[in-house]
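Asker: Throw the hints in and build the complete structure from the sequences for me.
Chains as they are written, first to last, in this note's numbering: chain A, 1 to 599; chain B, 600 to 784.
Some clues are possibly wrong.
Taking lysine-lysine pairs in the DSBU-like style, the calculated list, with each CA pair at most 30 Å apart, reads [what the hints assert, rightly or not]:
(1) Lys85(A) with Lys773(B)
(2) Lys154(A) with Lys319(A)
(3) Lys319(A) with Lys148(A)
(4) Lys85(A) with Lys780(B)
Quick look at which bits of chain B chain A covers, simulated, 3 or more residues with Cβ under 8 Å [unchecked claim]:
(5) 663-670
(6) 757-768
These are calculated hints, taken from the structure and not from any lab test.
None of these values were measured; they are calculated from a predicted model.
Note that beta-carbon positions come from the ideal geometry of N, C-alpha and C, so glycine has one too.
Each chain is listed here by its residues.
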Amino acid sequence: MALEQVKLEPGLRLRPRILIGLGSCGLAAGGEEVRSAFLAALRRLGLEAEVRPTGCLGLCHQEVLVEVRLPGLPPAFYARVTPEKAERIAEEHLGRGRVVEEWLLPGGEAGGEFLQGQTRICLRNCGRIDPEDLDEALGAGCYLALGKALREMKPEEVVAEVRRSGLRGRGGAGFPTWRKWEEVRRAPGPEKYVICNGDEGDPGVFINRTLLEGDPHSVLEGMAIAAYAVGAATGYLYVRTEYPLAIRRLRRAIEQAEARGLLGRDILGSGFHFSVQVVEGNGAFVCGEETALIASLQGERGVPRPRPPYPSTAGLWGKPTVVNNVETLAAVAPIIQRGGSWYAGFGQGESRGTKVFALSGEVERPGLVEVPLGLPLRRLIYELGGGIREGRSLKAVLIGGPSGGCLPPGLLDTSMDYEALERVGAMIGSGDVVALDERHCLPDLARFIAEFAAAESCGNCLPCREGLHQLLALLDRIVRGEAEEGALEELQALAELVRDTSLCGLGRTAPNVVLSTLRYFRAEYEAHVLEKRCPANACPHLRSFYIVPERCRGCARCVGACPRGCISGQPGQPYRIDSGRCIRCGECQRACVFGAVAS
Amino acid sequence: MSCCEQARRQELEWLRQEVSAARGRRERLLPLLQEVQERLGYLPPQAMELLAAGLGIPLAQVYSVATYYRRFTLTPRSQHVLQVCTGTACRLRGADQLLSFLLQRLQPGTKASTGGGAGNAGPRGGSACGCGGRPAGESAPPVSVETVNCFGACGLAPVLAVDGRIHGRMDAGKAAELLEKWVER
Ligand SMILES: Cc1cc2nc3c(=O)[nH]c(=O)nc-3n(C[C@H](O)[C@H](O)[C@H](O)COP(=O)(O)O)c2cc1C
Ligand code: FES
Numbered sequence: 001m002a003l004e005q006v007k008l009e010p011g012l013r014l015r016p017r018i019l020i021g022l023g024s025c026g027l028a029a030g031g032e033e034v035r036s037a038f039l040a041a042l043r044r045l046g047l048e049a050e051v052r053p054t055g056c057l058g059l060c061h062q063e064v065l066v067e068v069r070l071p072g073l074p075p076a077f078y079a080r081v082t083p084e085k086a087e088r089i090a091e092e093h094l095g096r097g098r099v100v101e102e103w104l105l106p107g108g109e110a111g112g113e114f115l116q117g118q119t120r121i122c123l124r125n126c127g128r129i130d131p132e133d134l135d136e137a138l139g140a141g142c143y144l145a146l147g148k149a150l151r152e153m154k155p156e157e158v159v160a161e162v163r164r165s166g167l168r169g170r171g172g173a174g175f176p177t178w179r180k181w182e183e184v185r186r187a188p189g190p191e192k193y194v195i196c197n198g199d200e201g202d203p204g205v206f207i208n209r210t211l212l213e214g215d216p217h218s219v220l221e222g223m224a225i226a227a228y229a230v231g232a233a234t235g236y237l238y239v240r241t242e243y244p245l246a247i248r249r250l251r252r253a254i255e256q257a258e259a260r261g262l263l264g265r266d267i268l269g270s271g272f273h274f275s276v277q278v279v280e281g282n283g284a285f286v287c288g289e290e291t292a293l294i295a296s297l298q299g300e301r302g303v304p305r306p307r308p309p310y311p312s313t314a315g316l317w318g319k320p321t322v323v324n325n326v327e328t329l330a331a332v333a334p335i336i337q338r339g340g341s342w343y344a345g346f347g348q349g350e351s352r353g354t355k356v357f358a359l360s361g362e363v364e365r366p367g368l369v370e371v372p373l374g375l376p377l378r379r380l381i382y383e384l385g386g387g388i389r390e391g392r393s394l395k396a397v398l399i400g401g402p403s404g405g406c407l408p409p410g411l412l413d414t415s416m417d418y419e420a421l422e423r424v425g426a427m428i429g430s431g432d433v434v435a436l437d438e439r440h441c442l443p444d445l446a447r448f449i450a451e452f453a454a455a456e457s458c459g460n461c462l463p464c465r466e467g468l469h470q471l472l473a474l475l476d477r478i479v480r481g482e483a484e485e486g487a488l489e490e491l492q493a494l495a496e497l498v499r500d501t502s503l504c505g506l507g508r509t510a511p512n513v514v515l516s517t518l519r520y521f522r523a524e525y526e527a528h529v530l531e532k533r534c535p536a537n538a539c540p541h542l543r544s545f546y547i548v549p550e551r552c553r554g555c556a557r558c559v560g561a562c563p564r565g566c567i568s569g570q571p572g573q574p575y576r577i578d579s580g581r582c583i584r585c586g587e588c589q590r591a592c593v594f595g596a597v598a599s
Numbered sequence: 600m601s602c603c604e605q606a607r608r609q610e611l612e613w614l615r616q617e618v619s620a621a622r623g624r625r626e627r628l629l630p631l632l633q634e635v636q637e638r639l640g641y642l643p644p645q646a647m648e649l650l651a652a653g654l655g656i657p658l659a660q661v662y663s664v665a666t667y668y669r670r671f672t673l674t675p676r677s678q679h680v681l682q683v684c685t686g687t688a689c690r691l692r693g694a695d696q697l698l699s700f701l702l703q704r705l706q707p708g709t710k711a712s713t714g715g716g717a718g719n720a721g722p723r724g725g726s727a728c729g730c731g732g733r734p735a736g737e738s739a740p741p742v743s744v745e746t747v748n749c750f751g752a753c754g755l756a757p758v759l760a761v762d763g764r765i766h767g768r769m770d771a772g773k774a775a776e777l778l779e780k781w782v783e784r
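Answerer: See the structure below:
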């Protein structure tokens with residue numbers, strides 16, 4: 001079937017439509033219950049409306065998010081919908097045509113400031129269509145770019161268009177996408193592969209998950225265009241096992257697309273074949289690294305190997321292979337459709353186009369936002385993220401996850417582009433931006449990242465396997481107040497050694513958080529080492545608890561909570577903590593309802 | 600023979616067929632290990648031997664691959680799994696307290712294990728009696744508490760998954776409520 005013939009069912013837009021956020025976030029917030037409540041209410045009221053699931057709009061903190069669209073009217077977004085709210089929305093909005101103003105998403109119509117502050121290219125369909133229905137994807141323009149490439153462009157013209165766009169890899173390293181494609185295109189031999197990397201292992205990011213769950217067809221289309229450009233007939237989509245919903249939706253999307261001739265044999269009658277298979281990961285972070293991923297696809301231990309040769313010359317089964325991140329591939333169709341120069345019109349310097357960032361931590365509005373590269377960090381945190389929760393003040397921003405760096409508020413005007421971030425010791429990485437407030441301890445954060453990296457090290461190369469454990473042990477001593485003078489110099493030297501001598505990106509980037517916190521927050525380390533004090537009062541070993549007599553009512557709740565039995569006193573009188581026996585677990589502080597336990 | 604052993608035999612029969620269809624194709628190793636883990640809740644020695652012989656891979660290599668990945672276990676996993684996300688976002692928002700609360704409630708005196716992913720966390724099939732096809736004598740604790748790196752639901756941190764179903768914005772109080780409802784079922 002030619003693509004032009006695929007038309008929307010005419011009645012589709014004439015019925016009232018309820019779109020319910022049923023991505024992982026929506027489900028976690030109770031989306032299924034909301035869907036049942038809507039269905040039940042519609043039945044009870046005898047109303048006719050289409051109730052559909054959709055992916056994440058990126059507003060995780062407002063889930064369950066529900067969009068109600070009456071024919072001919074602008075959509076209304078309801079935030080934090082519960083089954084009870086669903087009932088009333090059905091009655092008022094669908095029954096009587098009256099919008100329930102007080103439950104609308106704050107910030108006005110059509111997603112308000114949140115959506116308007118963004119440039120949604122990769123996220124264009126996320127949260128706007130039913131990801132389980134190919135017709136909805138087609139209605140949103142999916143596969144038009146593939147049709148255009150197959151019909152009007154030669155493979156080298158596709159590569160040239162991507163080159164013009166300036167698109168760089170969104171999986172971390174920022175390598176120009178067209179160069180990989182060109183190498184594989186020029187490589188001899190008929191057997192080539194395209195791999196889409198959806199391993200997304202960095203804790204704190206959920207960009208690939210959102211794309212795969214919310215708009216699987218756009219990613220598949222990007223893969224097919226890449227395959228056409230390089231001459232591959234087979235593709236693999238590697239998804240981490242923690243994303244079961246994404247895996248399910250992708251498999252379904254592939255079936256649907258194959259049934260319509262949009263994937264598989266002789267796509268759109270062009271004579272081009274491309275089939276895609278979804279492969280589930282096995283819970284190893286390092287398998288996100290491209291050579292480890294390839295080993296895993298071949299049924300081996302997912303251990304990285306030295307490069308070169310790069311996968312573009314010797315990849316899967318030793319054949320030329322393109323490995324691209326999910327987000328990179330999601331940008332391809334719009335680039336082909338609207339032109340590389342259009343895409344390159346966004347961004348700054350060598351960093352062209354848009355990037356999705358995952359805001360989390362202590363920001364008011366955690367979620368996903370897509371903005372042109374080069375936006376100042378400040379605007380990301382304060383405008384799109386809504387600033388810091390509960391009016392606290394920002395202490396640091398971790399950018400780029402376990403391989404990135406930690407920046408102080410003084411660097412809030414840093415431009416979010418590949419080069420500027422590298423200059424200040426961070427990196428875009430996979431796009432996670434975690435805000436920390438003054439209650440968080442940075443040596444402890446560095447310790448946690450080292451713990452993560454040490455646990456995920458594959459053990460293949462010595463500097464990473466041993467060095468990360470040494471780093472962790474040293475950081476452990478620091479946060480326990482057991483480190484001696486000179487520990488910071490040792491920490492710096494060790495971190496640099498691991499960075500400079502490890503085999504793959506895991507070991508090479510894992511020390512970044514240590515190095516950047518040492519660079520910008522040295523005083524906090526010194527307090528731990530020299531004064532045995534945690535300025536944020538967060539490290540359990542460096543806290544001491546005591547009861548403020550003026551506030552204590554003698555209720556003995558703390559006595560019940562204390563696992564060591566080291567709190568004593570008379571009921572009705574202020575109690576006391578025996579600090580010698582106290583293990584600093586903080587249970588008494590949590591149990592006290594008068595705020596009388598201080599630390 | 601208990602119902603479970605019977606079920607396990609059937610599973611292995613299934614595996615025998617799969618393996619003969621995949622003879623010599625090494626890349627089928629991981630997908631087949633995944634299926635065995637999913638169906639039985641662990642990788643029994645017989646399955647490993649079948650895979651080695653059928654795919655033409657030394658047994659030691661089958662073990663080497665299986666033990667490399669966190670998803671696989673060589674001993675039966677618990678019937679029910681609670682997974683606490685200890686990723687960056689969740690840690691910042693109280694995952695440690697949530698974890699220690701759950702451990703105290705469910706497994707006093709133990710430490711959480713770093714378990715597999717959510718994908719294989721559902722109640723395990725394999726037998727109608729719900730024992731996961733486990734042979735008699737090999738028993739796992741009824742509930743285990745595990746940690747996970749990130750569910751990608753960081754905006755709802757801290758996150759807890761109960762048998763693979765994710766719940767967001769957790770705290771000890773809400774977790775206690777969830778547990779109660781869950782125990783009732
Ligand atoms: C330890 C480690 C983990 C990685 N994890 C991922 C990942 O989860 N997703 C990803 O796309 N790239 C990851 N990468 C980068 C890949 O090796 C590769 O560069 C990338 O998939 C290329 O795609 P791109 O050019 O579109 O960015 C990781 C690299 C390292 C060293
Ligand atoms: S850090 Fe917990 S869900 Fe991502």
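Asker: Take the hints in turn and mark each one as holding or not.
Answerer: Now the hints, each set against the structure:
A threshold of 30 Å between alpha carbons decides the hint, and for Lys85(A) with Lys773(B) the separation of about 21 Å falls inside it, so the pair holds. Between Lys154(A) and Lys319(A) the CA atoms are separated by roughly 22 Å; this keeps the pair inside 30 Å, and the hint holds. Taking the CA atoms of Lys319(A) and Lys148(A), the gap is near 28 Å; set against the 30 Å cutoff, the hint holds. Distance hint between Lys85(A) and Lys780(B) is fulfilled; the C-alpha atoms sit about 23 Å from each other, no more than 30 Å.
Check result for the stretch 663-670 of chain B against chain A: holds, 6 residues qualifying (beta carbon to beta carbon below 8 Å, three or more required). With 7 residues having a beta carbon nearer than 8 Å to a beta carbon of chain A, the stretch 757-768 of chain B meets the requirement of three or more and the stated coverage holds.
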